[in-house]
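Working from the sequences, and respecting the hints, build out all of it.
For the protein sequence lines, the chains are A and B, in the order given.
Per my numbering, residue 1 is the first one in the first sequence, and the count goes up by one each step.
Per my numbering, residue 79 is the first one in the second sequence, and the count goes up by one each step.
In case anyone wonders, no lab produced these hints; they're calculated from the structure.
These numbers were taken from a predicted model, which means no experiment stands behind them.
One or more of the hints may lead you astray.
As the list claims (entries may be wrong) - Straight-line distance between alpha carbons at most 27 Å, and here's what the computed BS3-like set of lysine-lysine pairs gives:
id, chain 1, residue 1, chain 2, residue 2
1, B, Lys152, B, Lys162
2, B, Lys152, A, Lys56
3, A, Lys58, B, Lys225
4, A, Lys34, B, Lys162
5, A, Lys58, B, Lys127
6, B, Lys152, A, Lys34
7, B, Lys102, A, Lys41
8, B, Lys102, B, Lys162
9, B, Lys193, B, Lys206
10, A, Lys41, B, Lys215
11, A, Lys58, B, Lys206
12, B, Lys193, A, Lys74
13, B, Lys102, B, Lys127
14, B, Lys225, A, Lys74
15, A, Lys41, B, Lys152
16, B, Lys206, B, Lys127
17, B, Lys215, A, Lys56
18, B, Lys102, B, Lys215
19, B, Lys193, A, Lys34
20, B, Lys193, A, Lys56
21, B, Lys236, A, Lys41
22, B, Lys152, B, Lys225
23, A, Lys41, B, Lys127
24, A, Lys41, B, Lys206
25, B, Lys236, B, Lys162
26, B, Lys102, B, Lys193
27, A, Lys41, B, Lys225
28, A, Lys58, A, Lys74
29, B, Lys206, A, Lys56
30, A, Lys58, B, Lys236
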Amino acid sequence: MMARITRIATLAFGAMAALMLAGCGERPQVIDYKQGTYQGKPDDLPYAAAPFNGDKDKWERDIRNRTQNQNEYKRIGS
Amino acid sequence: MARMKFLCDAERCIECNGCVTACKQEHDIPWGVNRRRVVTINDGVPGEKSVSVACMHCSDAPCMAVCPVDCFYKTQEGVVLHDKDLCIGSATAFYACPFGAPQFPQAGAFGVRGKMDKCTFCAGGPEKDNSAAEFTKYGRNRLAEGKLPACAEMCATKALLGGDGDTIADIYRQRVTVRGKGSEVWGWGTAYGRPDAPKPVPGAKS
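Okay, here's the thing in structure tokens:
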């Protein structure tokens with residue numbers, strides 16, 4: 001009887017020790033995020049349609065020139 | 079071309095809300111949705127600063143990362159856009175955005191949230207360029223017309239700059255080096271001249 005109690009106590013102690021030690025295990029809890037991919041419809045390029053008709057260089061040139069309209073040192077002169 | 083960016087010069091912004099009005103008018107934005115707004119720090123206190131804020135078209139946009147339906151995409155020009163046909167109005171983009179750019183129109187009674195709406199850098203969305211569908215969902219596509227965002231182009235003081243990041247950075251750099259820094263930027267000295275400034279020559283061009 002006594003031996004049985006001792007065995008149960010030993011097992012219980014062992015299980016409890018294992019359980020408590022499990023709490024010490026430190027695992028990284030930050031998920032490995034994976035960037036999603038766009039699921040929607042494809043978009044046209046801004047220079048694809050008229051008036052640029054696919055002429056990327058002209059579009060970029062126009063945008064660059066237009067951006068300089070915001071610079072009064074060039075637009076008006078200093 | 080590098081990446082399209084906005085840059086607001088707080089020294090020049092006079093809180094006229096012209097950019098906000100231009101945006102609303104250009105894209106026929108419904109009541110309650112503000113793609114752009116002007117934020118003022120120390121409002122009413124001398125030295126207050128205003129800055130015009132909208133979607134900043136982040137290089138590493140958090141809205142793109144958190145969207146549960148992956149409806150965001152980035153164009154070759156670095157403009158962050160989204161597909162409204164896919165958007166479920168979850169507002170996760172709103173929580174992620176540090177600028178409060180995503181807006182949600184009231185889609186029905188009891189404040190039902192509609193599909194997300196935000197600044198498109200006047201680049202429309204994933205519909206045929208300059209089509210009626212594109213205008214209805216995303217507003218006018220000025221970029222496809224070879225124009226820059228309406229807010230920046232109409233800014234009276236040119237506080238808000240929009241366009242290629244490198245180009246507008248050059249404009250801003252030149253501006254800062256010309257005007258200098260300190261009390262001459264704002265205040266009495268600007269309005270009435272500094273006491274130690276040279277006296278104007280009568281008849282000379284000011």
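How the hints compare with the structure:
1. B:Lys152 to B:Lys162: holds (14 Å)
2. B:Lys152 to A:Lys56: holds (18 Å)
3. A:Lys58 to B:Lys225: Within the cut-off at roughly 12 Å; holds.
4. A:Lys34 to B:Lys162: holds (23 Å)
5. A:Lys58 to B:Lys127: violated (38 Å)
6. B:Lys152 to A:Lys34: This hinted pair holds, its Cα atoms lying about 17 Å apart.
7. B:Lys102 to A:Lys41: holds (26 Å)
8. B:Lys102 to B:Lys162: Cα-Cα ~18 Å, so holds.
9. B:Lys193 to B:Lys206: At roughly 20 Å apart (the allowed maximum being 27 Å), Lys206 (chain B) and Lys193 (chain B) satisfy the hint.
10. A:Lys41 to B:Lys215: Holds, at roughly 14 Å.
11. A:Lys58 to B:Lys206: The given pair, whose Cα atoms are some 20 Å apart, holds under the 27 Å limit.
12. B:Lys193 to A:Lys74: Answer violated: Lys193 (chain B) to Lys74 (chain A) is near 42 Å, above 27 Å.
13. B:Lys102 to B:Lys127: holds (23 Å)
14. B:Lys225 to A:Lys74: Holds. Lys225 (chain B) to Lys74 (chain A) sits at ~18 Å (cutoff 27 Å).
15. A:Lys41 to B:Lys152: OK: Lys41 (chain A) and Lys152 (chain B) at ~12 Å, within 27 Å.
16. B:Lys206 to B:Lys127: Not satisfied, since the Cα-Cα distance of roughly 40 Å exceeds 27 Å.
17. B:Lys215 to A:Lys56: holds (26 Å)
18. B:Lys102 to B:Lys215: Judged against 27 Å, a Cα distance of about 14 Å means the pair holds.
19. B:Lys193 to A:Lys34: holds (25 Å)
20. B:Lys193 to A:Lys56: Violated: Lys193 (chain B) and Lys56 (chain A) sit about 32 Å apart, past 27 Å.
21. B:Lys236 to A:Lys41: violated (35 Å)
22. B:Lys152 to B:Lys225: holds (19 Å)
23. A:Lys41 to B:Lys127: violated (41 Å)
24. A:Lys41 to B:Lys206: holds (11 Å)
25. B:Lys236 to B:Lys162: violated (32 Å)
26. B:Lys102 to B:Lys193: Holds, at roughly 17 Å.
27. A:Lys41 to B:Lys225: Holds. Lys41 (chain A) to Lys225 (chain B) sits at ~24 Å (cutoff 27 Å).
28. A:Lys58 to A:Lys74: Measuring from Cα to Cα gives roughly 21 Å; hence the hint holds.
29. B:Lys206 to A:Lys56: holds (18 Å)
30. A:Lys58 to B:Lys236: holds (25 Å)
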